[in-house]
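J.: All the letters of the sequence shown, read from the start, carry residue numbers 32 to 285 under the working numbering.
Worth flagging that the hints you see were computed from the coordinates, not collected in a lab.
Hints may contain errors.
[Unchecked claim] No more than 25 Å apart at the CA atoms, straight line, and that leaves these computed lysine to any residue pairs for SDA-like:
hint, residue 1, residue 2
1, Lys123, Val155
2, Lys123, Glu134
3, Lys273, Gln284
4, Lys176, Trp114
5, Lys123, Thr266
6, Lys153, Pro139
7, Lys176, Thr101
8, Lys91, Trp114
9, Lys176, Lys257
[Unchecked claim] Computed spacing ranges between beta-carbons, pair by pair:
hint, residue 1, residue 2, range
10, His235, Thr45, 39 to 45 Å
11, Pro168, His270, 19 to 25 Å
12, Ser220, Ile151, 56 to 62 Å
13, Leu42, Tyr242, 39 to 45 Å
14, Glu95, His71, 23 to 29 Å
15, Glu95, Glu161, 20 to 26 Å
16, Leu51, Val90, 25 to 31 Å
17, Ala121, Lys257, 20 to 26 Å
18, Val69, Ala241, 21 to 27 Å
19, Val34, Lys176, 53 to 59 Å
20, Ala121, His71, 49 to 55 Å
21, Leu42, His166, 50 to 56 Å
From the three backbone atoms N, C-alpha and C, an ideal C-beta is built for every residue, glycine too.
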Amino acid sequence: MSVRDITLARLRETLRQPHLPFPPAQSEPLTHAERMTVTHAPGHIWAQAQRFAQELHAVKGSCELLETVTEARLSVVSRLQLWLEEEQSARKTTDPERPEDWEVLCWPLDQLQIEGLPLILKDVGFKLIEPTDLHDPRQREHIRKVRAGITTVEAAFASTGSFVVGGRGANARAASLTPFRHLVVIPFSRLFATGEDWLAQMRHAGKLDAYVRDSRNLSIITGPSKSADLEGNLTMGVHGPKVVHAILFDDSQQ
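With the sequences and hints as input, model every part of the structure.
T.: Structure follows, in structure tokens:
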């Protein structure tokens, strides 16, 4: 008998032990819904929003739940101002402010899902940057120094605290990847219980094939960037933002 056969025989013998929790000795057949869904997030939209916030907090992200678009608009401004103050105070110099502190990478302004947001950000003093050609070394060098990015999402999933960012048209992946801090605005209309629910809706509407085909990439983001070495030492913000803050808001009255 070969080493392979011996190993497999031992595995089969071990799995036959009755006290093991998995696999169950007699398992009921899965229903279609159970087979196709890994996680669940039951309840109405506010319950799902609270579940999203809970899951995002569990992976070192942060979140706000707001009732109106107006509240969301003010919250975006407040959050960016708070980050600006944190950046400047961390330098501990007599003149800590740098021009790039006031610059924010973003998607095209008409896609940010909050009416009036670009205008109020400009009034406060923030300069919004929409990368147009990252093949240009001058643009890459410029955005390398920007410390904050703001995007919306294609979809968000309550059961895991995740959201989908797609590279379509002028949507720059850099806005959610290169800055130290990522601010993501999520209207309730783009919040789904699970990723499977979103895919099912897109497929039912006949949009899924075209959506995937037209996207340069699709990224599912769950919290800040995390990396670990062989000893399991976790480091945040190595391959992406170290800070991810989500603003969920009810856009049903917009």
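J.: State for each hint whether it applies.
T.: Okay, the hints, checked on the actual structure:
Taken as a hint, the Lys123 and Val155 pair is honoured in the structure, with Cα atoms around 24 Å apart against an allowance of 25 Å. Between the alpha carbons of Lys123 and Glu134 the distance comes to roughly 20 Å, so the proposed pair stays at or under 25 Å and holds. Restraint check: the Cα-Cα separation between Lys273 and Gln284 comes to about 33 Å, which exceeds 25 Å; the hinted pair is violated. As the CA atoms of Lys176 and Trp114 are separated by approximately 15 Å, the hinted pair is consistent with the 25 Å bound.
Our distance criterion of 25 Å between C-alpha atoms is met by Lys123 and Thr266, whose separation comes to about 24 Å. Note on Lys153 and Pro139: the hinted pairing holds, with a Cα-Cα distance of about 14 Å set against a maximum of 25 Å. A hinted pair counts as satisfied when its Cα atoms are at most 25 Å apart, and Lys176 with Thr101 does not qualify at roughly 30 Å. Between Lys91 and Trp114 the CA atoms are separated by roughly 17 Å; this keeps the pair inside 25 Å, and the hint holds.
Our distance criterion of 25 Å between C-alpha atoms is met by Lys176 and Lys257, whose separation comes to about 21 Å. Checked against the hint of 39 to 45 Å, the C-beta distance between His235 and Thr45 comes to roughly 43 Å, which is consistent with it. In this structure the supplied range 19 to 25 Å holds for Pro168 paired with His270, their Cβ-Cβ distance being about 21 Å. Taking 56 to 62 Å as the suggested C-beta distance range, the pair Ser220 and Ile151 does not conform, at roughly 22 Å.
Roughly 42 Å separates the CB atoms of Leu42 and Tyr242, a value that falls within the hinted 39 to 45 Å. Between Glu95 and His71 the beta carbon distance is about 24 Å. The supplied range of 23 to 29 Å therefore holds. About 25 Å separates the C-beta atoms of Glu95 and Glu161, a value consistent with the hinted range of 20 to 26 Å. Look at Leu51 against Val90: about 30 Å separates their beta carbons, and that is inside 25 to 31 Å.
Separated by about 21 Å at the C-beta atoms, Ala121 and Lys257 satisfy the suggested range of 20 to 26 Å. Between Val69 and Ala241, the C-beta spacing of about 25 Å keeps the proposed range 21 to 27 Å intact. Look at Val34 against Lys176: about 56 Å separates their beta carbons, and that is inside 53 to 59 Å. One distance hint, 49 to 55 Å for the beta-carbon pair Ala121 and His71, is violated here, with the actual separation near 41 Å.
Here the CB-CB span from Leu42 to His166 is close to 51 Å, well matched to the stated 50 to 56 Å.
Consistency note: the structure conflicts with the earlier hints numbered 3, 7, 12, 20.
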